[in-house]
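Participant: Whole structure, please, built from the sequences with the hints as guidance.
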Amino acid sequence: MHTFFRYHWNIGCVKKRILTCPQCGSSDLYYEAGLITGYKYHCKRCQYVGSFVIEKEIEI
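Per this note's numbering, residue 1 is the first one in the sequence shown, and the count goes up by one each step.
Calculated directly from the structure, the hints in this document are not laboratory data.
Among the hints, a few may not be true.
Stated by the list, open to error - Calculated pairs, DMTMM-like style, for lysine to aspartate or glutamate (alpha carbon to alpha carbon, straight line, at most 20 angstroms): (1) Lys15 to Glu55; (2) Lys15 to Asp28; (3) Lys56 to Asp28; (4) Lys16 to Glu55; (5) Lys40 to Glu55; (6) Lys16 to Glu57.
Facilitator: Next up, the structure:
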């Protein structure tokens, strides 16, 4: 699972970015190497394989 942290400039709270599967909404993804095709992700829940994933931002 890829996560990214970012501090909010106004409040000082931390926001976390989570990559989710476009088919089932699970965040249980792992990166598969894709040299020519670019990034490829594999969902452990629904077995989705593809480069399109949804990035959600949540506050912690």
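Participant: Starting from the hint list further up, note which numbers the structure goes against and sort them upward.
Facilitator: none
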